[in-house]
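> Chains as they are written, first to last, in our numbering: chain G, 1 to 268; chain R, 269 to 565.
Be aware that a few hints might be false.
[Said to hold, decoys possible] What follows is a set of in silico ranges between Cβ atoms, one per label pair, in the way DEER data are often shown: (1) G:142 <-> R:365: 34 to 44 Å; (2) R:555 <-> G:100: 50 to 60 Å; (3) G:142 <-> R:297: 41 to 51 Å; (4) G:107 <-> R:303: 37 to 47 Å; (5) G:32 <-> R:534: 25 to 35 Å; (6) R:442 <-> G:34: 23 to 33 Å; (7) R:442 <-> G:100: 38 to 48 Å; (8) G:214 <-> R:369: 43 to 53 Å; (9) G:139 <-> R:303: 30 to 40 Å; (10) R:534 <-> G:209: 25 to 35 Å; (11) G:72 <-> R:442: 46 to 56 Å; (12) R:493 <-> G:55: 19 to 29 Å; (13) G:206 <-> R:492: 35 to 45 Å; (14) R:296 <-> G:255: 22 to 32 Å.
[As the list claims (entries may be wrong)] Some chain R residues judged to face chain G by a derived CB distance under 10 Å, without partners named: (15) 322; (16) 325; (17) 343; (18) 346; (19) 350; (20) 356; (21) 357; (22) 380; (23) 381; (24) 383; (25) 387; (26) 402; (27) 432; (28) 464; (29) 465.
In short, the hints are calculated from the structure, not lab data. Positions of the beta carbon are idealized from the N, C-alpha and C atoms, including for glycine.
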Amino acid sequence: MKLALFQQHFQEELLTPSAAPAGGPGFRDLCIADNIPVSERLRVYQDNILHGLSAKMSERLPVIAALGGDDFALCLLRQYICQSPPQSGCLADYGRTLPDFIAGYAPAAALPYLPDLVKLELEICAAEQAADDLPLSHSDLDMLQQNAESELVYLPLRTSVSLLSSPYQIYELRAYLLSSAQGTEVQPSIVPSTKDTYVLIYRPFLKAEYCTLSPEEYFLLHALKEGVCLNDALSKVLVATLDFDLASFLSANLNRRIFARAVPNSEE
Amino acid sequence: MPSAADRHPRPVYSADYLPNLVGIGLRGPHYRDILEQKPDLGWLEVHPENYFGGGIHRHFLSQIRADYEISFHAVGMSLGSAHGLDPDHLHKIKELIDIFEPFQLSDHASWSATGNAHLNDLLPLPYTQETLETLQQNISIAQDYFARPILVENPSTYVSFHADEMPEYELLNRLAETTGCGLLLDCNNIFVQAHNHGFDPYHYISQIKPQYVGEIHLAGYSERVIGTETLLIDTHSKRIKPEVWELYGHALRHIGTVPTLIEWDLDLPPLSVLMEEAKTASEIMQHRTNTLTEDRL
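In isolation and in its complexed conformation, chain G is listed as follows:
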């Protein structure tokens, strides 16, 4: 059997242990049998992959176990791993499709806010691992505004920054679920609201943080993240509200270190 096919069958054996490739020998027939059954020998690899990875993900995404218990979390994650195994050796990026999987996962049907909570967790993990780009300082911004035509000021966001919106109170829910005071505090509403919650995830220094935003702040930051210049982004926000305080917005977010300092163009 060619090596590529051997590896494909081995993968199927590990991720779907009952599978027997059509038209060829079962993978177990390729293994040397002795006093220890081949199935027990292969179980070492299945445990390493499924148990090891689901335990690691459960640690990264504690809200799943906090909501449904350890068994629920491990079962959900094992099924996800079998259905959508990692695609690269960089496991920090793994799990981007997990919220969609949970949305269609029948045992989680009673937890409709779980996909958005997991999205928040994943963004926090991504922020922790994001590249170490430089933040824009107050003086950098002053210089930028002096040197550029005001309508052409661009404020790209750092790679650690992401934005989320949800009909659920995901900010309060996560804080509640992971709080040691759980049970003594008032549980946040789990009923979807007509007004979305807007969340900013960022990493000012080494640790990721997150906070809620007003709709105007969210849409302005979203436009900046999309590469829209400040003036155009602002004009869109001003359509909805006339009393938006740009100076306070800029100051607060410079303090959060969310804007990226542009890398000088080496050709200039």
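Dock chain R against the given chain G, drawing on the hints supplied.
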């Protein structure tokens, strides 16, 4: 065109080789202890995959690198993959090499990736001519990309295959001979495999060509009882067993002294426990050096 072995000549692993000392694996819970205590260690090993991107891990590695030589022990290149290597993975490792300048770079004679998945384990290969050629090709691609030789480690395995055409030590010797790569000999893996597959670990080591070995790994294994049989599992979660220390002594007698690593990944104990294991390895290495000196006199 020069051969792969000529393009990346293997360093001469002589007794005065710079970090010819004992090192330990650097793991997150020990960052602060290492920085504060600055323990007397020859070097530290890291998995480069843990430092892709930025943030707190890279921050601590930068600080620690100022005080210690480091080696990169990759776990995700999938050198045995029939689908070739992931260029993005190589690129990320190269970026780290340029920043941290490790004295050694290694990965395993195993596979993890197919065309549609990357499994988080070091999976076994059938030891066939096709596997040998696949490894040769992938190792050569990696060495050309990094512009340096790498070390290739013998994995722990729990299954072997009817298709095997050669013993593992022969495959490793031939890889080193044809690609110019060095070998990373994991004594614990040899012991685990010897038990699981029923061969003599001392014979295995005696068949490895000493001039190819650039590093040795030591770790602790666990036992899984299955009926009346026991399978040994390479968990890196325990102290090194006496029989593995014995095998290490034998390896040093056969190979000479080379940088040696204490690996511990699961159920990580306090740093002091790893230091005790490192001290034992140093003593065995020193004993080997003394014996060699006496023999020469």
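> It remains to establish, for every hint, whether it holds in the given structure.
How the hints compare with the structure:
Between residue 142 of chain G and residue 365 of chain R the beta carbons are some 39 Å apart, a value that agrees with the proposed interval 34 to 44 Å. A C-beta distance of roughly 59 Å is found between residue 555 of chain R and residue 100 of chain G, which places it inside the suggested range of 50 to 60 Å. At about 43 Å, the CB distance of residue 142 of chain G to residue 297 of chain R agrees with the hint of 41 to 51 Å. Against the hinted window of 37 to 47 Å, the Cβ-Cβ separation of residue 107 of chain G and residue 303 of chain R comes to about 45 Å, which satisfies the hint.
Taking the beta carbon of each, residue 32 of chain G and residue 534 of chain R are about 28 Å apart, inside 25 to 35 Å as hinted. For the hinted restraint 23 to 33 Å between residue 442 of chain R and residue 34 of chain G, the CB-CB distance of approximately 27 Å keeps it satisfied. Between residue 442 of chain R and residue 100 of chain G the C-beta distance comes to about 46 Å, which sits within the given range of 38 to 48 Å. Checked against the hint of 43 to 53 Å, the pair residue 214 of chain G and residue 369 of chain R passes, with Cβ atoms roughly 47 Å apart.
With their beta carbons about 32 Å apart, residue 139 of chain G and residue 303 of chain R fall inside the hinted range of 30 to 40 Å. The supplied range of 25 to 35 Å is met by residue 534 of chain R and residue 209 of chain G, whose beta-carbon atoms lie about 30 Å from each other. The supplied range of 46 to 56 Å is met by residue 72 of chain G and residue 442 of chain R, whose beta-carbon atoms lie about 49 Å from each other. At about 22 Å, the CB distance of residue 493 of chain R to residue 55 of chain G agrees with the hint of 19 to 29 Å.
Separation of residue 206 of chain G from residue 492 of chain R is about 39 Å and conforms to the stated range, judged on CB atoms against 35 to 45 Å. At roughly 29 Å, the beta-carbon separation of residue 296 of chain R and residue 255 of chain G lies within the given 22 to 32 Å, and the hint holds. For residue 322 of chain R, the shortest C-beta to C-beta distance to chain G is roughly 3 Å, which falls under 10 Å, so the interface hint holds. For residue 325 of chain R, the suggested interface contact is upheld, since its CB lies about 8 Å from the closest CB of chain G, less than 10 Å.
A distance limit of 10 Å between C-beta atoms decides the matter here; for residue 343 of chain R the minimum to chain G is near 7 Å, and the interface restraint holds. A distance limit of 10 Å between C-beta atoms decides the matter here; for residue 346 of chain R the minimum to chain G is near 7 Å, and the interface restraint holds. Interface hint at residue 350 of chain R: satisfied, since its Cβ lies 4 Å from the closest Cβ of chain G, which is below the 10 Å cut-off. With 10 Å as the threshold, the beta carbon of residue 356 of chain R comes within range of chain G, its nearest partner Cβ sitting at about 7 Å, so the hint holds.
For residue 357 of chain R, the interface hint holds, since its Cβ comes within 10 Å of a Cβ in chain G; the closest pair sits about 5 Å apart. About 7 Å separates the beta-carbon of residue 380 of chain R from the nearest beta-carbon of chain G, less than 10 Å, and the hint is met. The interface hint given for residue 381 of chain R is met, as the beta carbon of that residue sits about 7 Å from the closest beta carbon of chain G, less than 10 Å. Residue-level restraint check for residue 383 of chain R holds (minimum Cβ-Cβ distance to chain G is 8 Å; threshold 10 Å).
Interface restraint check: residue 387 of chain R against chain G, minimum CB-CB distance 5 Å, threshold 10 Å, status holds. Restraint check, residue 402 of chain R versus chain G: the minimum CB separation of about 6 Å is within 10 Å; hint holds. Below 10 Å, beta-carbon pairs count as interface contacts, and residue 432 of chain R has one with chain G at about 8 Å; its hint therefore holds. Hint status for residue 464 of chain R relative to chain G: holds, with the closest Cβ pair at about 8 Å, below 10 Å.
For residue 465 of chain R, the shortest C-beta to C-beta distance to chain G is roughly 8 Å, which falls under 10 Å, so the interface hint holds.
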